[in-house]
Structure formats: C-alpha cells, structure tokens
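Chemist: The lines below spell out each chain.
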Amino acid sequence: MKNKKSMWIVYTLVIVVVIGIFFLLFARKSPNVNLVASPSAATILLDGNKRLQPGKVYISPGKHRLVASFNGFATRTIVFSSSTGLTEVDVILEPNSQVGYDWLNTHPDDVGVRQNIGGRNYNNSAQTLLREFPIVANLPTYGPGSEYEISYGSVTNTSGSSKLEIDIIYYTQAGKQAGLQWLQSQPYGMNKFNVKYIDKTSDQPVVDNPGTH
Amino acid sequence: MIKRLLTRFSFILLASLLICSWSRVTFAAATCPSGMSDLDCASLYGPWTSWLPDDGSGSCGVSAGDISIAAGTDTAKWQTTLQPPYSLEDFMVEALNDLAGRLNVQTTDTVTQQHVLALVAMAWGEGGNLTNDDIYNPLNSGGDYPGIDLATAHSTSGVQSYATFNDGVDELARIMSGTGGAPTYQTRLGAILKDPSSTAQQFMKALTYYQNYKGNLEWAEASMPPNQDSYYQQRLGLISDTIANYKDRASTLIGPPGNTANQNLHSTHPLRYSFSSDTSSASGSAIASSSCGSGGVVAGDIVQTAVGLAWNDVTYPNHGDADTAACYSNGEAIGPEPSDCHHGFQESNDNPGSTNTDPTQYTTQSYQAAWAKYNKANSSQYTDCGVFVATVLHASGIATDYPTSSSGSQRQWAIDHPDKYMVKENPTVADLLPGDILVNSEHTFIYVGHVAGTQFTVAEASQYNHSPELDNVVSNEINGFTLVRVKS
Chain Y
60 MKNKKSMWIV YTLVIVVVIG IFFLLFARKS PNVNLVASPS AATILLDGNK RLQPGKVYIS
120 PGKHRLVASF NGFATRTIVF SSSTGLTEVD VILEPNSQVG YDWLNTHPDD VGVRQNIGGR
180 NYNNSAQTLL REFPIVANLP TYGPGSEYEI SYGSVTNTSG SSKLEIDIIY YTQAGKQAGL
240 QWLQSQPYGM NKFNVKYIDK TSDQPVVDNP GTH
Chain W
945 MIKRLLTRFS FILLASLLIC SWSRVTFAAA TCPSGMSDLD CASLYGPWTS WLPDDGSGSC
1005 GVSAGDISIA AGTDTAKWQT TLQPPYSLED FMVEALNDLA GRLNVQTTDT VTQQHVLALV
1065 AMAWGEGGNL TNDDIYNPLN SGGDYPGIDL ATAHSTSGVQ SYATFNDGVD ELARIMSGTG
1125 GAPTYQTRLG AILKDPSSTA QQFMKALTYY QNYKGNLEWA EASMPPNQDS YYQQRLGLIS
1185 DTIANYKDRA STLIGPPGNT ANQNLHSTHP LRYSFSSDTS SASGSAIASS SCGSGGVVAG
1245 DIVQTAVGLA WNDVTYPNHG DADTAACYSN GEAIGPEPSD CHHGFQESND NPGSTNTDPT
1305 QYTTQSYQAA WAKYNKANSS QYTDCGVFVA TVLHASGIAT DYPTSSSGSQ RQWAIDHPDK
1365 YMVKENPTVA DLLPGDILVN SEHTFIYVGH VAGTQFTVAE ASQYNHSPEL DNVVSNEING
1425 FTLVRVKS
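Line by line, the protein sequences give chains Y and W.
The first sequence begins at 60 in the numbering used here and counts up by one.
The second sequence begins at 945 in the numbering used here and counts up by one.
Where hints are given, some of them may not hold.
[Said to hold, decoys possible] Keeping only pairs whose Cα atoms sit at most 30 Å apart, straight-line, the calculated DSBU-like set for lysine-lysine is:
#, chain 1, residue 1, chain 2, residue 2
1, W, K1317, Y, K259
2, W, K1317, W, K1364
3, W, K1368, Y, K235
4, W, K1368, Y, K255
5, Y, K259, W, K1431
6, Y, K251, W, K1368
7, W, K1368, Y, K259
8, W, K1368, Y, K222
Calculated from the structure, these hints are not laboratory results.
In this text the structure is predicted, and so the values were computed from the model without any measurement.
Build the full structure now, drawing on both the sequences and the hints.
Modeler: Structure, rendered in structure tokens:
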C-alpha cells in the first residue's frame, strides 16, 4: 500500500516534468517584435538564417541583424534590439530600378504602409527638432535688402551637448554682421548653435535696373 | 424694298454680334490657362470671364505681352495729411491712396492689407531707404518726372533720392499707373493693385513675369529670364517673412537719415495692419488684425492652394480636446491665432489606427471638393501624403500631369521630366523656397514658407497618421528627400 502511494507520487512528478519540458520546447512565446515591411513580400533574414514574415513575431531578447532584399529594391541591413516588450521594426526598402517603381505602382497597400511610416517618422523628427531648438519656428528668415538669409542644418552631439547648425548666408559684408546680430537678438542663447557662414557676396542679385521704373 | 434690306441688314448685324460674343466667351473659356489667375484672365479677356469655368487643359492661346493695360490719368501731386516721422507702412498706404485717384477707383480698392503687405515685402527685398541713403524711395525707383523734386542731383545709377515724403509717394503712384510723365513699363502693378481682391502673391507674380503684359518691363534685372522662377519664389519668401515680422518691418522709418533698417529706426505712428503670427515688436500699435482666410484653390499658386486645402474652412467637429478648439496642433501651441481658426486633423490622436472612411470628419471642405474633383478617381486614400500633394498641384493647375499618388512614383516622375521640374537631391533647409515639394519613396510634403496668421511652414498629410494639415517646422532631416521645384 505504501509502495503504491510512492509510485503515484513518482508518476505525478514524471508527468509534471514531461509537460514542463514540452512547454519549454514547443509552447509559442508571446510576440515581442512587430515587423513592418515594404515591399511586404521582401525576403527578410534574421541573423543570417531564419526567414521572417511581416507581422508580430517572437525574437529572443537581445541584439539582432536583419537583412531584407527584393528585386528592384536596394538591399538593406538593420540592426535592432528586441526586449520583452513589443518593439516595432520598420523595414522599408528603397526602389533602385524601374522594376521597383513598377512594383509599387501595382501594390498600393504597400505604398500606404511605407507612407504611413515615412510620414510618422518625418513628423516625429520635426517635432523633436522644434522642442529642442524652438528657434526653427522662426526660420528661415531674410534680412532687409535681401542682405542675408538665416536657415538651419543638422544637429551634432558632442560631449552630451546637442548643437544646431545655423547657416548665415550673406550677400554683402554688412549682411554677415546683420545676420549675426539678428541671431544674437533671439532669446535662445548662442551656445546652442554652430554658426556657419556662407559667403554669397559674389552672387549678390542686381535689385535695380535703371530706366524701367 | 429699302426697308426690307435695312431689316435684313439689322438682323445679320445682330446675329453677327451674337456670334462674336459667343465666340469670345467660348474662346475665353477654352483658352484661359489653368495656371493663370482669375485676375490675369480678367485682365486679358475682361471681367466677365471670372464666372467661366477653367477647362483645366493648361493650354493657352496667350502669347507673351498679350495683356494690355491702359495708363491712368494724371492727378495733382499728392499731399499727405500724415505727420512725420513716416513709417514704411505710411508710405505704402499713401502711395495706394494716390494710385486710386490716378486709376479712377476707390481708395478702398487699392488700400488693402494684401496690397500693403505686398509693397512692404517688396520694399524689404529692394532695400531702398532701408539699407541705402536714397531717402523716400523704398522701392529703389529711378523716376525723375516733372514736379517731382529730388533730394540730390539726378542719379544716373537709376535710383533717386526724393526731397520729401510726398515726392516719393507721388513718384511711386505715377510709375505704377503710367501717369505724370512716367513710362508705362510698370502699369501691370497698378492693374493688380486696383483690384481689392488681389493678393500679395498675385502682385509678386505680376511683378516677376512682366513679359505677360504688353509694353511692360522688369522692375529688377534679377527678375529677368532665366532667373524668373527663383526671383518669384524669393518674393514669396519675402511675403512670408514680412508677415512674421510685420510690426518691425512696416514701422521702419522712411526718410532721413537713410539706412533706417540697418539702424533699427522706427516711426511712432500706429500701424494700420497686423498679422496674428507676427512675433516682432515695434513702437507702433496695430488697429486691425488678420484672420483666417477663406481657403480653397488659388489657380496658379501652389502655396495658397496647399494652405487653402489643408486649413481654414474646415467645420471641425468638437472632440472636446484642446487640440481643435484654439488652433493647437497635437497638444502643442503653434502660435497666437484668432480663436475661430481651425486646423489640423490629428487622425491617429482621435482614433488610433483608424483609416477614417469619412473624410468630412477630418478634412477641410475645400479639400474634400478638390480631392473629389481631381483625385478621387485615382485614390481612395484622401489622407495619403502623395494624394494631397498631387491634389494641390492638379487643383492649382500648376502640374496637372503630376502622378496622382505614391510619393515614390512622383519623385521618379519629377526626375524624368527635367523640362518641367528642377530637382535637387539631399537638400538642406536653406535650399527651400515656398512652393517647393520634398519627396522620397516614403513621404512627401510642400514647403509653404511662413503662412499668414500662423507659424506654419509645411503643408502635408500622412496616411493613417493625419489628414492634410499645416505644420510649424521643417525637419532638418530632409537630406533623404528630393527637392522638386515646378518650373513656370
């Protein structure tokens, strides 16, 4: 009787272990990567061997490498990190031949996907720029007599400090100074900018023409 | 017998007149170019053409210099009732008052906010009196006519300095009306300025493309071919920038000692006009304010059409959030605006993930109409960025063969048609002029400069993100885009 009871305990333990091993080996894990791709039929290889389809998939947490390719489009490699939370990975290939453009023309849903991502990314970058450098809302600006134009370029990050390239395009020497004075009069502080002067004094437009007015 | 002959002759004459009239109407309707403004069409064919539909063909029987403009009638020399010091706005308002008399129209026709804006912006581009010593001559005029007194000896350089405020004002009114001894080279400007509905953009267009007007010549050598398109775009930029700095610019002193902008000298007169997005400051105070425009399509004008379709006339449903009620975008203030303005259709914010099948909930009425007319047959995606840009180009008549959707195809089309489009890869913000299109295979939008009454600079849509709207900044990450500029 005592042996029979012990046997039951052993049987139960074996079954629990077997079921646990089964789950560990075969149970599906929750998707943690949302793979968005255009072309949607692109060949996407994960870490050089596993082929993926667009959609939500599970990829073990850590750093990974995707290589995506499709006829008519430039092959693209993307390095990303997955985690336990859901991460979106956008795989947008650029057409590099007429074959690619033709493919897009016949796949409007794919165009929608890429334009959704492209528009969102563009908007995000614009708003990020505005938050960090509110002066861009006032740019470009032009000086009196078209003596100068002030615009902006890229952001550089050195020693943890971001700076925005400010372009002072001047058409006269006085315009160069006037442009700098305008910039200094703005309430943002010069230490946030990399000022770049662009000399266009030789391009000074002729603004007058004797005899016609 | 004679009576019968006279009756028949009268009948034939009447029939001929009717046929002639019909032919003229038909001719006008069939040949009014889609890229030509109503004002230009009216100048060419008569005001009755304004109600005629544009055939949208883009074809035009108009050859250079076809638009004739009659000179005005000379009047007594202008005598202002204003007291010095004079502002640039004072100068332009008085010149427009003087012009009204010379063109035999009401001063309410010539003195409008748009006309003053156009002249102040033009002055800022010319720099007369502002950045030189030629006083009372903000547009760098060269006129030396009977009864106009000069401050210095006649300048052979072509730019004069005038003795008094009245001399400068009168000279400008004369040259724009072709009266008082002035040649008729610039009469197109008077023709634009006597139409109370004409815009600053239309003024700049006429200023630039002078050869469309019989007997007219360029104002500036910089506007001569092959530089006309860039000159025009720069004038549009001046308008945008003047709106954003109106108080500062319009209040700038006109008169001695010259170089008044360089020296930051301002008049203390109150300004007549203001713009709600104006962030500049000056000693004058405003007594009138701009408001949202009427919106909609403006033939031949990418910027105005883009703004009109993306903004202004929408009846936006009140979603009960701050975004929509006070002209805010995505929770972020976009500048001081009249409280009755509406803009922005933050689709994903209101309904994340929605494809929004009901455009009336999220787009302007003008965009719904334009999209239905020009693009609905080609795409069901009214929030698509490429569809929006194409709709603007088609509706304005600027490029009626631009691909109707898909930014990648649009980019390729522009590259493949160098006769119609100037293309620059990987542009910078400094390259942009109002009306430029930025495009790559993922996104496209229109740079519109600083829009009146706002801090907006971009018109765009984004599929499943938001319907056509105006945004207040150009991202500096545009080096992956292609700049496309439509050639005129």
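Chemist: It remains to establish, for every hint, whether it holds in the given structure.
Modeler: Hints versus structure:
no., hint, result
1, W:K1317 to Y:K259, "violated (45 Å)"
2, W:K1317 to W:K1364, "holds (23 Å)"
3, W:K1368 to Y:K235, "holds (26 Å)"
4, W:K1368 to Y:K255, "holds (21 Å)"
5, Y:K259 to W:K1431, "holds (24 Å)"
6, Y:K251 to W:K1368, "holds (29 Å)"
7, W:K1368 to Y:K259, "holds (19 Å)"
8, W:K1368 to Y:K222, "holds (26 Å)"
The structure shown violates just one earlier hint, number 1.
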